[in-house]
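Participant: Note that the protein sequences, when read in sequence, are chains A and B.
Residue numbering for the first sequence follows numbering that gives the first Met the number 0, starting at 0 and increasing by one per position.
Residue numbering for the second sequence follows numbering that gives the first Met the number 0, starting at 0 and increasing by one per position.
Think of the hints as simulated: they come from the structure by calculation, not from any bench.
Wrong hints could be hidden among the right ones.
[As the list claims (entries may be wrong)] Capping the alpha-carbon separation at 20 Å, the derived lysine to aspartate or glutamate pairs in EDC-like fashion look like this:
| hint | chain 1 | residue 1 | chain 2 | residue 2 |
| --- | --- | --- | --- | --- |
| 1 | B | K187 | B | E136 |
| 2 | A | K428 | B | E48 |
| 3 | B | K7 | A | E441 |
| 4 | A | K437 | A | D418 |
| 5 | B | K187 | B | E82 |
| 6 | A | K428 | A | D418 |
| 7 | B | K147 | A | E450 |
| 8 | B | K107 | A | D200 |
| 9 | A | K440 | B | E48 |
| 10 | B | K187 | B | E80 |
| 11 | A | K437 | A | E398 |
| 12 | A | K526 | A | E433 |
| 13 | B | K147 | A | D395 |
| 14 | B | K7 | A | E450 |
| 15 | A | K437 | B | E48 |
| 16 | A | K438 | B | E48 |
| 17 | A | K438 | B | E136 |
| 18 | A | K603 | A | D284 |
| 19 | B | K186 | A | D421 |
| 20 | B | K167 | B | D78 |
| 21 | B | K167 | B | E48 |
| 22 | A | K437 | B | E80 |
| 23 | B | K186 | A | D539 |
| 24 | B | K186 | A | D418 |
| 25 | B | K7 | A | E398 |
| 26 | B | K163 | A | D200 |
| 27 | A | K603 | A | D252 |
| 28 | A | K255 | A | D284 |
[Said to hold, decoys possible] One side only, chain A facing chain B, incomplete, derived with CB under 7 Å:
| hint | residue |
| --- | --- |
| 29 | G82 |
| 30 | D200 |
| 31 | G202 |
| 32 | A399 |
| 33 | G402 |
| 34 | G602 |
[Said to hold, decoys possible] Computed, partial: chain B to chain A, Cβ under 10 Å:
| hint | residue |
| --- | --- |
| 35 | Y1 |
| 36 | E61 |
| 37 | R62 |
| 38 | L65 |
| 39 | E67 |
| 40 | G90 |
In this text, a Cβ means the ideal position worked out from N, Cα and C, and glycines have one as well.
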Amino acid sequence: MAHLPLDMPVEVWERLQEHFPGALRPAEPPESGEGEGYPQAKPHRMTHAVSRSLLMSRPRYEGVLVHSRHLLPVLQFLRDELGYVYLSNLTAVDYPEPLEQFPPHIDVVYHLFRLEGGGYVALHVHTTRDGAILPSITPEFPAANLQEREVWDMFGVRFEGHPDLRRLLMWEGFDGFPMRKDWREAYYEQEHKPYRSRFPDGGNPLYAEERTPSHANIRQSRQGLLDNSPPMDDEFGEADRLLYERMLTADQDPDKPLKTEEMILNMGPHHPSTHGVFRMAVRLDGETVRHLEPVFGYLHRNHEKIGERNTWLQNIPYTDRLDYLNGMTNSLAYCLAMEKLLGWPIPERAEYIRIIMSEFSRVVNHMLAAGFFSNELGLYFTGSLYALEERELILDLFEAVSGGRMMFNYMRPGGVAADLPDGWLDQAKRLVHERLPKKVKEMQSFLLDNEILQARSMGVGALSRADAIACGVSGPVLRACGVPYDVRRAEPYGIYERFEFDVVTRQAGDVFARVALRFDEIWQSLKILGQALDQVPAGDIQSHRLSPRMRIPPGETYGRIEAPKGELGFYLVSDGGANPYRYHIRATSLLNLTPLSQLTRGGKIADIVATLGSIDLTMGEVDR
Amino acid sequence: MYGWGIIKTLWMTLYHFAMTYVEDVRSWLLRGKEGTSEGDSIPGVARGERTHGVFTVRYPSERRELPERYRNFPFFVIDAETEQLRCTACGICAQICPVQCIWIERAKEPETGRPRRYPVSYYLDTSQCMTCGFCAEFCPFDAIKMDKDFELASYSRPGFVSAKDLAKPEAYHAAIHPTAYAEEAAKKK
């Protein structure tokens with residue numbers, strides 16, 4: 000077939016065709032006249048209540064469509080023969096209406112990257128909506144572990160062969176799969192914002208709680224709060240039963256010399272080391288960790304469902320609330336993904352402003368991560384408060400330009416929201432050239448030269464290079480294992496090619512390496528900031544006039560950036576409307592937790608806290 | 000030497016502690032004077048690029064200066080000339096609001112039912128507002144602006160606030176947003 004799938008290198012497509020003749024086809028329908036047997040249908044929009052969805056052929060549908068039978072061989076071939084070792088993103092899209100020649104289905108998407116850099120290969124696998132089932136790739140690709148659990152939780156796709164297929168964010172026994180298009184939340188008003196009741200007739204404003212009989216947004220199976228009866232005890236018991244079964248069976252050593260009794264301890268959800276509400280169930284043999292199982296979802300608000308109700312622009316302030324320490328980079332990632340679909344140019348000045356903001360954000364994040372790491376080790380607040388002082392000064396800069404100290408709402412597709420105020424650049428330069436180098440050096444010596452801290456962190460929680468890649472960790476956690484992979488260099492976005500900086504790595508892969516690497520990265524960020532602040536050109540900051548109900552041409556894309564915590568990706572599907580059809584976030588903090596159990600196994604209980612702190616997570620992003 | 004790192008750490012903490020008092024004395028000597036040089040902290044408030052001690056601003060007796068773009072809840076501008084709300088009930092703020100906390104009822108001519116360019120009612124649910132500033136950014140008539148008043152704690156939920164309660168005169172807008180106001184005035188001419 001002459002037709003080449005979108006966004007896929009020719010040689011990859013040819014090698015795949017050679018090895019899997021007839022098993023694959025481009026996911027995008029070919030141009031008219033080219034393909035045999037494809038229906039020649041025009042894009043058509045339906046005005047149905049459930050899904051005002053894309054019907055028929057959709058342009059810019061990326062990658063290849065694989066039959067589920069061939070999924071694992073194709074993935075293994077891509078990994079072993081073609082070098083696509085890094086499974087970055089795995090998610091699903093629900094199509095409750097027939098799409099092109101396909102009946103209603105759930106489309107599971109896989110995005111793979113090469114460590115040498117470059118773009119992705121996207122694989123699509125279809126499964127039916129009723130009794131959705133696919134082979135699990137977790138035994139071969141540990142990176143898929145949490146993501147397959149999330150797809151099971153949100154879409155109800157059962158992955159056969161997954162070692163531990165429990166719900167990730169919702170509780171066991173929850174009725175329905177929230178990301179399916181026909182699932183409606185308790186406050187349901189309308190499929191898409193803006194809601195009609197608001198204008199022009201004003202409607203009847205009501206408190207949200209007054210709209211539901213239970214006055215709370217809880218929906219339970221069979222018998223629940225909606226009919227004002229108390230929840231059944233054993234339903235909550237069910238959630239714990241599956242967890243504890245897993246706790247008791249996983250990583251059992253039948254040859255344990257002394258038959259000592261093991262105990263299960265729950266750390267969290269409220270535990271000062273977890274940076275939020277996060278629970279770790281730990282099976283202990285004395286003080287030694289035998290198995291650890293993270294429990295998520297305490298901060299879950301279904302950000303993605305909210306995102307699909309919102310219009311494209313309304314999502315920008317919501318992204319600030321994901322990883323609330325790095326609002327700037329979150330919304331940058333979202334805007335870059337939108338711009339990939341829109342094809343808008345960015346004015347030069349806006350490009351520079353974006354880089355300056357994201358590098359300042361990296362400095363803030365790494366200072367805080369290192370500072371709070373000292374907190375984790377029992378240094379109490381000294382280290383973190385020193386880090387917060389520098390953060391204050393950088394937040395002053397952010398506040399002057401965007402109006403918020405944490406919730407910036409500053410990036411826009413096509414540029415940024417506002418120009419730099421007078422004197423901003425001078426203030427930033429003074430900070431970057433005079434104050435920060437001194438303070439970062441002080442902080443670095445404060446933490447890394449301290450022998451107590453070294454003794455607590457060196458050799459603890461080590462991750463090997465191969466495991467790091469297989470588990471799909473990203474950012475400083477990956478680079479501390481000796482993998483020089485940085486999206487700013489591997490697949491440059493914005494104008495990062497113009498700046499001189501190094502991708503720093505450390506070889507040990509332990510807790511100390513991860514903390515020390517953050518300081519190395521701060522130095523690189525300051526280097527970039529020094530260059531960028533000197534070169535900012537004059538000019539526009541926005542290439543287009545934005546309209547509230549902006550539409551995006553149909554298509555799908557996966558846009559990613561090197562956020563301070565690692566690779567942050569946005570998988571967007573547009574049906575040409577004013578709202579995203581699918582809005583998925585590859586949450587860095589969540590996926591960096593994939594190897595947590597492995598990292599802590601065999602260590603002492605006090606090292607769990609150190610390991611968790613060195614991974615650097617924000618619960619707002621983990622649970623979304 | 001093993002342990003040298005710990006001694007250095009202790010020294011750094013001591014330095015930080017001592018600088019707090021040194022800076023207190025310095026700011027006491029500088030009291031009443033305007034910011035002496037660029038990059039200096041706000042007079043009397045130990046928190047700036049030159050601060051090496053504790054950063055604490057002793058709110059409420061001390062306050063830091065808020066930048067012009069600082070934003071809290073929106074307010075409605077009463078035009079200085081017409082002494083009416085500038086709002087024309089175009090509904091753009093209600094469309095862009097990410098949490099949909101704005102309700103507008105557009106006025107209609109009683110006989111013909113044709114829409115008029117002012118609102119009959121305008122409500123904003125301040126308990127939902129996320130202070131993102133989209134309404135002010137997208138308002139084509141400069142009728143809605145972001146306020147700087149952040150001391151809003153109360154014993155009851157304010158809930159729905161009508162535009163009349165949130166209305167403030169144009170002079171207030173000019174006072175808290177001098178640069179932006181000058182730009183708007185230049186654009187109008």
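Participant: Now tell me, hint by hint, if it's right for this structure.
Facilitator: Hints, verified against the model:
Distance restraint check for K187/B and E136/B: the Cα-Cα separation of roughly 17 Å lies within the 20 Å cut-off, and the hinted pair is therefore satisfied. Taking the CA atoms of K428/A and E48/B, the gap is about 11 Å. The hint holds against a cut of 20 Å. Between K7/B and E441/A the alpha-carbon distance is near 10 Å, which keeps this suggested pair within the 20 Å criterion. Simply put, K437/A and D418/A have alpha-carbon atoms about 29 Å apart, too far for the 20 Å limit, and the pair is violated.
Note on K187/B and E82/B: the hinted pairing holds, with a Cα-Cα distance of about 18 Å set against a maximum of 20 Å. Under the criterion of a C-alpha separation no larger than 20 Å, the hint pairing K428/A with D418/A is consistent with the structure, at around 17 Å. Only pairs whose Cα atoms come within 20 Å are accepted, and K147/B paired with E450/A is rejected, the gap being roughly 47 Å. With a CA separation close to 10 Å, the supplied pair K107/B and D200/A stays within the 20 Å bound.
The hinted pair formed by K440/A and E48/B meets the criterion: a straight-line CA distance of about 16 Å does not exceed 20 Å. Pair hint K187/B plus E80/B holds up; C-alpha atoms about 14 Å apart against a cutoff of 20 Å. Note on K437/A and E398/A: the hinted pairing is violated, with a Cα-Cα distance of about 23 Å set against a maximum of 20 Å. With a CA separation close to 13 Å, the supplied pair K526/A and E433/A stays within the 20 Å bound.
Note on K147/B and D395/A: the hinted pairing holds, with a Cα-Cα distance of about 16 Å set against a maximum of 20 Å. A C-alpha spacing of about 11 Å is found between K7/B and E450/A, which places the hinted pair at or below 20 Å, so the restraint holds. At roughly 12 Å between alpha-carbon atoms, K437/A and E48/B fall within 20 Å of each other, so this suggested pair holds. Our distance criterion of 20 Å between C-alpha atoms is met by K438/A and E48/B, whose separation comes to about 11 Å.
For the proposed pair K438/A and E136/B, the alpha carbon gap of about 37 Å is over 20 Å, so the pair is violated. Our distance criterion of 20 Å between C-alpha atoms is met by K603/A and D284/A, whose separation comes to about 10 Å. Under the criterion of a C-alpha separation no larger than 20 Å, the hint pairing K186/B with D421/A is consistent with the structure, at around 19 Å. A hinted pair counts as satisfied when its Cα atoms are at most 20 Å apart, and K167/B with D78/B qualifies at roughly 9 Å.
Proposed proximity of K167/B and E48/B is contradicted: the alpha carbons are some 35 Å apart, above 20 Å. Of the supplied pair hints, the one linking K437/A and E80/B is violated, its CA atoms being roughly 54 Å apart against a limit of 20 Å. About 17 Å separates the Cα atoms of K186/B and D539/A, which keeps this hinted pair within 20 Å; it holds. The hinted pair formed by K186/B and D418/A meets the criterion: a straight-line CA distance of about 16 Å does not exceed 20 Å.
The suggested pairing of K7/B with E398/A is violated, with an alpha-carbon distance near 34 Å, which exceeds 20 Å. For the hint pairing K163/B with D200/A, the CA-to-CA distance comes to about 18 Å; that is within 20 Å, so the pair holds. Between the alpha carbons of K603/A and D252/A the distance comes to roughly 17 Å, so the proposed pair stays at or under 20 Å and holds. For the given pair, K255/A sits about 11 Å from D284/A by alpha-carbon distance, which is consistent with the 20 Å threshold.
The beta carbon of G82/A comes no nearer than 41 Å to any beta carbon in chain B, farther than 7 Å, and the hint placing it at the interface is violated. For D200/A, the shortest C-beta to C-beta distance to chain B is roughly 6 Å, which falls under 7 Å, so the interface hint holds. At a threshold of 7 Å, the smallest CB-CB gap from G202/A to chain B is about 6 Å, leaving the interface hint in force. The interface hint given for A399/A holds, since its Cβ lies 4 Å from the closest Cβ of chain B, which is under the 7 Å cut-off.
Hint status for G402/A: holds, given a least beta-carbon distance of 4 Å to chain B, under 7 Å. This hint is violated: G602/A has a C-beta 24 Å from the nearest C-beta of chain B, more than the 7 Å allowed. Using the Cβ-Cβ criterion of 10 Å, the hint placing Y1/B at the interface with chain A is satisfied: the shortest such distance is roughly 6 Å. A distance limit of 10 Å between C-beta atoms decides the matter here; for E61/B the minimum to chain A is near 14 Å, and the interface restraint is violated.
Nearest Cβ of chain A to the Cβ of R62/B: about 14 Å, over the 10 Å cut. The hint is violated. Interface hint status for L65/B: upheld, as the beta-carbon distance to the closest one in chain A is roughly 8 Å, under 10 Å. Because the beta carbon of E67/B sits about 7 Å from the nearest beta carbon in chain A, less than 10 Å, this interface hint is met. The beta carbon of G90/B is positioned within 10 Å of a beta carbon in chain A (closest approach about 4 Å), and the interface hint is therefore held.
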